[in-house]
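Trainee: Heads up: the sequence lines are chains P and C, in that order.
Heads up: the first sequence runs through residues 6 to 276, numbered per our numbering.
Heads up: the second sequence runs through residues 6 to 276, numbered per our numbering.
By construction, these hints were calculated from the structure, which means they are not laboratory data.
Possibly wrong hints are sitting among the right ones.
What the hints assert, rightly or not - Capping the alpha-carbon separation at 30 Å, the derived lysine-lysine pairs in DSBU-like fashion look like this: (1) LYS189(P) - LYS189(C); (2) LYS254(C) - LYS30(C); (3) LYS74(C) - LYS189(P).
To be verified - Anything over 12 Å on all C-beta distances counts as not near chain C; from chain P, calculated: (4) GLU22; (5) ARG31; (6) ARG46; (7) HIS53; (8) ALA95; (9) ALA125; (10) LEU128; (11) GLY199; (12) THR240; (13) ASP259; (14) GLN260; (15) ASN273.
All figures in this text were calculated on a predicted structure; none of them were measured in a lab.
Just so it is clear, CB atoms sit at the ideal spot from N, CA and C, and this is done for glycine as well.
Protein chains: 2
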Amino acid sequence: MSRLCVHTITTKPLSLEQCLAEFPKRGVSGITIWRQALEGRDLANVKHQTADAGMEVVSLCRGGFFPAKSATVRQKAIDDNLLAIEQAHAIGSPLIVLVCGAVPGQALVESRKQITDGIAACLPAAEAAGVKLAIEPLHPMYADDRSAVNTMRQAHEICDALGSPASVGIAVDVYHVWWDPELKAQIDLAGQTGRLHAFHICDWKTPTTDLLNDRGLMGEGCINIREISDWVDATGFTGHREVEIFSHKWWAEDQSLFLDQIASSYGNLYA
Amino acid sequence: MSRLCVHTITTKPLSLEQCLAEFPKRGVSGITIWRQALEGRDLANVKHQTADAGMEVVSLCRGGFFPAKSATVRQKAIDDNLLAIEQAHAIGSPLIVLVCGAVPGQALVESRKQITDGIAACLPAAEAAGVKLAIEPLHPMYADDRSAVNTMRQAHEICDALGSPASVGIAVDVYHVWWDPELKAQIDLAGQTGRLHAFHICDWKTPTTDLLNDRGLMGEGCINIREISDWVDATGFTGHREVEIFSHKWWAEDQSLFLDQIASSYGNLYA
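Please take these sequences and the hints and turn them into a complete structure.
Mentor: Spelled out as C-alpha cells, the structure:
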C-alpha cells in the first residue's frame, strides 16, 4: 500500500480535512489535491495538515486549458497556470497535472501549438518553484473541448518541441491510453527520457453511460491495468499509483465504504 | 447532391419503403441499408424496389463482430458474415461495412488477430459474390466491446496481413477518426492502395451526452468534415458521402423535417 495515492476528486463528497482523516486509515500514503479542494483554505496550513496526517502530496490537479481563440483568453490561462504553480509550491506538491485544453472547431494542430506555447510561458516559474508539469494525454473522446493531446506520442512531441526540459513530463492515465497500440513503446520512451511523472489508475466500464463521470473502480472494467502498471514499473518508475475516479455512481455511495473498496481493489490488483 | 447517400439507420423510425419514398425527394441518390431494415423482406424484391426508386445501394451495414472467447462463437460470427455476403449480393450491394468487434477484457491484439482470421474466412465467399468488405475503424471509446480496430493505421495493418486483397478496404467515418493526427497520411495511403471503399459523415457535438446515440448533423459539431472530405476526394475517391447519424434527438423528430435538414446541411457543406 506504500504506493497507493487517492485523488481528492475520487471522494468528491469529502472535504480535504475528511480526506486527510479517512485516507490514512486504509493505508493510503499519497494524496493528489484538486484545486477546488483548496478553496477558502490557507495553503501553508494545508501543507502542515497533510504532513501531520502522514500523507505525501503527490500532485496538484489541475493546470492546463491553454488553447483559446483570443490571445487575451490564452494569457488568462497562462496566468491561472502561474497561480497553480504558486499553489503547488505552497502546499508542497512537486507536480502539477495538465489537462491541456482544446477549443471546439479549432484545428487540433493549432491547439497543440497553443498548448506548447502556454507551457513554455509557465516553464520559468515552474522551474523557479521546483514544481514539475505533467502533460496528461486525454482519451480521444475529449478532443473536442478538453484536450488536443490524445496520445502519449503527442505528449512526447510537445516535450520535444519544448527542448525536453527536465521539469516537463507526462502523466499516464490508463483510462485515457489503454486502447493505444503504441502504449508500451511510448511508456518505454517516457522512461528512457525521464518523462514518466505520474501514473493514474481506474477502469473502463462496459457499458460506459457518461463520457465524463462513469469511470470504474479497478476491476469493474476491461482495462489491463496490471499489465500497463508493470510496463510503467519496468521503466524504473517508483512513484505512487494514483486512483482517480470520476463517478456519479460512486460519489452517491457512502465514501467510507468506497474507500474500503478502493483499498481492497488496489490490494487485489497488486497482490 | 449526386454523391449524397443516407443510411437507413439515420432515419430509423422510417421503414425501408418509407426511406425509398422520402430520400429521392431531397435528391438523395444513394442508400446504405442496415440489415434490420431487411427483416421480413424478399431480398430480390428489395433490389427491384431500390432500382425503381432510382436509388443506388451503396453498402450493406453491417458485418463484423468477429472476436469471441470461444471458437464456436467465432464460427457463428463467420457464418453470420457469410449470410451478410449473400444478402449484399441479393440486394445488389457492392460493399459490406465491417464493425469488427471486441471482447471486454480480451487483449486488443488478440481481438485484432481474430478479426483478421474472420475476414480471411469470409474472403472467398465475398470474392465469389463480387462483394467488397470495408473495415471501419471505430473511435477508441468503442474499444471495449465494439471494435479493436480504432485507427486507420490498424485497418491498413489488417489489410496488409491479409495480403492486400482488392476486395478488402476501409470505411472512413469522420466521427471515428477526426481526432487522429495521422488521418491525412492514412487517407492518402488508402487512396494509393485502392483501399478507400466508403466515406461516412456526421458531426461530433459538444457536449456529447451519449457514447452511442448522440451524433450530430453536419454543422452541429466540431469536426472539420469538409477538410477531411477534400482529403478523401484528393485520392481520386468519387463515391458517395454517406450520412450516418445515430441520434436519440433526431430520431424523436419528424423524419421528413430531419431529411430536409440533412439535405440543406449537406448542401451547405459542399456549396
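Trainee: For each hint, tell me whether it holds in the structure or not.
Mentor: Consistency of the hints with the structure:
no.: 1; hint: LYS189(P) - LYS189(C); result: 25 Å, holds
no.: 2; hint: LYS254(C) - LYS30(C); result: 23 Å, holds
no.: 3; hint: LYS74(C) - LYS189(P); result: 24 Å, holds
no.: 4; hint: GLU22; result: 33 Å, holds
no.: 5; hint: ARG31; result: 27 Å, holds
no.: 6; hint: ARG46; result: 31 Å, holds
no.: 7; hint: HIS53; result: 40 Å, holds
no.: 8; hint: ALA95; result: 34 Å, holds
no.: 9; hint: ALA125; result: 20 Å, holds
no.: 10; hint: LEU128; result: 24 Å, holds
no.: 11; hint: GLY199; result: 24 Å, holds
no.: 12; hint: THR240; result: 21 Å, holds
no.: 13; hint: ASP259; result: 28 Å, holds
no.: 14; hint: GLN260; result: 27 Å, holds
no.: 15; hint: ASN273; result: 15 Å, holds
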